[in-house]
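Visitor: Residue strings, one per chain:
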Amino acid sequence: MTSKNVELRVFVMTCDNCARTVAQGLRSQKGVEEAIVDVRAGTAEVTIEDSVITPEDLLRVPIFGERSHYKALVKRAE
Amino acid sequence: MVSRQFDLVILGWGAAAFSAAIKASELTSGGATIAMIGKGPIGGTCVNVGCVPSKYLLEASHLAFNPRHPRMPGVGAVGPKLNFGKVMDGLRAYVDHARSAKYEEVIRHYPNVTLIEGLGSFLDERTVKVECPSGGEVSGSQVIIATGSTPTVPKIDGLKEAGYLTSDTLWNLNELPRRVAIIGGGAIGLEMGQALLHFGAEVTVVEALDSLLPQGEPEIGEALKERLEGEGMRIHLRARVGSAGKSQDGKYVEVITHAGRHQVTVDDIIVATGRRPNTGTLNLEVARVKTDERGLIITDRTMRTSSPGIYAAGDCVSKTLFLETLAAREGVVAVSNMFGQEAEIDHRSATWAVFTYPQVAGVGLTEKEFSRKNGSCSFRTLSLANLTKASIMGETDGLVKITVNPKDNKIVGMHIFSPSATDIITEGAYAVRHGYTVEDIIATSHVFPSLSEGVKLAAQSFIRDVSKMSCCVE
Ligand SMILES: Cc1cc2nc3c(=O)[nH]c(=O)nc-3n(C[C@H](O)[C@H](O)[C@H](O)COP(=O)(O)OP(=O)(O)OC[C@H]3O[C@@H](n4cnc5c(N)ncnc54)[C@H](O)[C@@H]3O)c2cc1C
Numbered sequence: 001m002t003s004k005n006v007e008l009r010v011f012v013m014t015c016d017n018c019a020r021t022v023a024q025g026l027r028s029q030k031g032v033e034e035a036i037v038d039v040r041a042g043t044a045e046v047t048i049e050d051s052v053i054t055p056e057d058l059l060r061v062p063i064f065g066e067r068s069h070y071k072a073l074v075k076r077a078e
Numbered sequence: 079m080v081s082r083q084f085d086l087v088i089l090g091w092g093a094a095a096f097s098a099a100i101k102a103s104e105l106t107s108g109g110a111t112i113a114m115i116g117k118g119p120i121g122g123t124c125v126n127v128g129c130v131p132s133k134y135l136l137e138a139s140h141l142a143f144n145p146r147h148p149r150m151p152g153v154g155a156v157g158p159k160l161n162f163g164k165v166m167d168g169l170r171a172y173v174d175h176a177r178s179a180k181y182e183e184v185i186r187h188y189p190n191v192t193l194i195e196g197l198g199s200f201l202d203e204r205t206v207k208v209e210c211p212s213g214g215e216v217s218g219s220q221v222i223i224a225t226g227s228t229p230t231v232p233k234i235d236g237l238k239e240a241g242y243l244t245s246d247t248l249w250n251l252n253e254l255p256r257r258v259a260i261i262g263g264g265a266i267g268l269e270m271g272q273a274l275l276h277f278g279a280e281v282t283v284v285e286a287l288d289s290l291l292p293q294g295e296p297e298i299g300e301a302l303k304e305r306l307e308g309e310g311m312r313i314h315l316r317a318r319v320g321s322a323g324k325s326q327d328g329k330y331v332e333v334i335t336h337a338g339r340h341q342v343t344v345d346d347i348i349v350a351t352g353r354r355p356n357t358g359t360l361n362l363e364v365a366r367v368k369t370d371e372r373g374l375i376i377t378d379r380t381m382r383t384s385s386p387g388i389y390a391a392g393d394c395v396s397k398t399l400f401l402e403t404l405a406a407r408e409g410v411v412a413v414s415n416m417f418g419q420e421a422e423i424d425h426r427s428a429t430w431a432v433f434t435y436p437q438v439a440g441v442g443l444t445e446k447e448f449s450r451k452n453g454s455c456s457f458r459t460l461s462l463a464n465l466t467k468a469s470i471m472g473e474t475d476g477l478v479k480i481t482v483n484p485k486d487n488k489i490v491g492m493h494i495f496s497p498s499a500t501d502i503i504t505e506g507a508y509a510v511r512h513g514y515t516v517e518d519i520i521a522t523s524h525v526f527p528s529l530s531e532g533v534k535l536a537a538q539s540f541i542r543d544v545s546k547m548s549c550c551v552e
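Chains as they are written, first to last, in my numbering: chain P, 1 to 78; chain S, 79 to 552.
Think of the hints as simulated: they come from the structure by calculation, not from any bench.
Beta carbons: idealized from backbone N, C-alpha and C, even for Gly.
Some hints could be false.
Covered stretches of chain S (chain P as the covering partner; in silico rule of three or more C-beta atoms under 8 angstroms from a C-beta of chain P) [stated by the list, open to error]: (1) 373 to 380; (2) 411 to 425.
Not the full set, but computed from the structure, chain P residues with beta-carbon under 8 angstroms of chain S [unchecked claim]: (3) 12; (4) 39; (5) 42; (6) 66; (7) 67.
With the sequences and hints as input, model every part of the structure.
Guide: Structure follows, in structure tokens:
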């Protein structure tokens, strides 16, 4: 089991509620161990279980899906 | 040196770059910070030296030509007064307007997009050095390469000394050259050639291959050749230019064909032998971006390159069709995937066109391509002589060819040589993209009499002999 830290750039978050919603959206995914969202920086630090979910998979979770107005890019993955 | 950090760095500011920047801005409600790095006039090839000026020149040339060549009894020939210099002034003014309205003004509405002037090259997978007076390094979480292409000029003895024009420089002309040689009989060469011919120039085209527009159906290449020759164009196939130079009476090109060598005296030489991608100075190796043997960037259908986080779009990409419409779509596909929205480029139903008069347009596979892949195919060719609207117009040179998969009657390719072919072909694009059958086309209403009805008649010719058909048969 290996963990990976991924930094996402998250767009269209305007308040703490947005940050909470995005964090919950990420944490509810299998393979996501932790998600800390910074609304001011527009980023999310996500710790993932490497063998379960990839950094790119994070962009396809429903919270960033076509119907959601939140969108994300992978900024860094290590 | 400190590099400026962006969410997205785009190399290039042509069609592919613009569509990518706008899509990324829309997806993020203007939140994504985007650097667009470019050199030369904003908007790139299409608006400045490609689609826009070439279509303007062609339209003007047809207006000059058609009244002199009426196609109906009782309508006499008239010669409109031509002021070529004013036509070119009008062309340049229109290009300035289009660049301003469609690019400069548009990008002002995206404060999240920073324009950086200069040529860029990779320092590493995420950092680009920009060659500009102030110098600079720019980094992006994601990168798109959209640097387009440049006309190639073959090595021909004496050509450089004689001087030549390309599709980058033709638009600066102020006087109509009386005699022109065009090296290269592809889409660009034929468009420029017919435009100058229609203004009244003597035009000689030298083409190395044995047919015109070999990417399309041979019947169309043949019919187009006949039409252009009928208008007075001299076309040498299986020919090359051995040398060029200055002569007492202007310039000359030495044309080599199977029959031997002869000199053609001209006032201007236009080189239209193809384009090469602007990738040579990008330092792609450090970014681990792979190219093919022509220097075109290899991508998959999601526009991802061999280097994660780096995408490519437009004329710098390894593919067979190089079009503004594809460049723009590829920009959108790249950005969609970057944001986790799965999208793929569909080259299969991409329409292409040559804006001669009549026009040539195609979509999907040719008869030969389908047969080569599948062993057999079924096709029908409708001569426009069977189409009421075309006969009324006196435009019966053209044809519509439809190729279907014989297993299910689904349309796999459509190729048209007709006035307005570039508009009519969209029906073919729907058919190929959605797998329509010839019966679907026949059952769909087409205005009578219209040129688009040619598509319906071509579909009907799979089930009956349309040359003996009343125009009321459905
Ligand atoms: C005469 C002619 C007629 C055409 N007619 C049609 C038509 O009717 N319909 C159609 O669909 N297509 C047509 N095309 C093709 C169409 O113009 C191109 O497919 C389209 O413009 C490609 O867009 P692009 O964004 O890939 O590249 P471009 O528009 O060429 O943009 C690339 C940009 O990148 C810049 N650049 C290059 N190197 C670097 C670097 N290192 N760093 C930063 N910037 C760089 C260039 O200066 C340029 O501004 C025509 C082309 C020509 C030449």
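Visitor: Each hint: holds or not?
Guide: Okay, the hints, checked on the actual structure:
1. A count of 0 residues in the region 373 to 380 of chain S with a Cβ less than 8 angstroms from any Cβ of chain P is obtained; the coverage claim is therefore unmet, three being the minimum.
2. Using a Cβ-Cβ cut-off of 8 angstroms, 5 residues of the region 411 to 425 of chain S lie near chain P, which meets the minimum of three, so the contact claim holds.
3. For residue 12 of chain P, the suggested interface contact is upheld, since its CB lies about 5 angstroms from the closest CB of chain S, less than 8 angstroms.
4. Using the Cβ-Cβ criterion of 8 angstroms, the hint placing residue 39 of chain P at the interface with chain S is not satisfied: the shortest such distance is roughly 12 angstroms.
5. For residue 42 of chain P, the shortest C-beta to C-beta distance to chain S is roughly 7 angstroms, which falls under 8 angstroms, so the interface hint holds.
6. A least Cβ separation of about 6 angstroms between residue 66 of chain P and chain S falls short of the 8 angstroms threshold, and the interface hint therefore holds.
7. For residue 67 of chain P, the suggested interface contact is broken, since its CB lies about 11 angstroms from the closest CB of chain S, more than 8 angstroms.
Hint check: violations occur at hints 1, 4 and 7; the rest are consistent with the structure.
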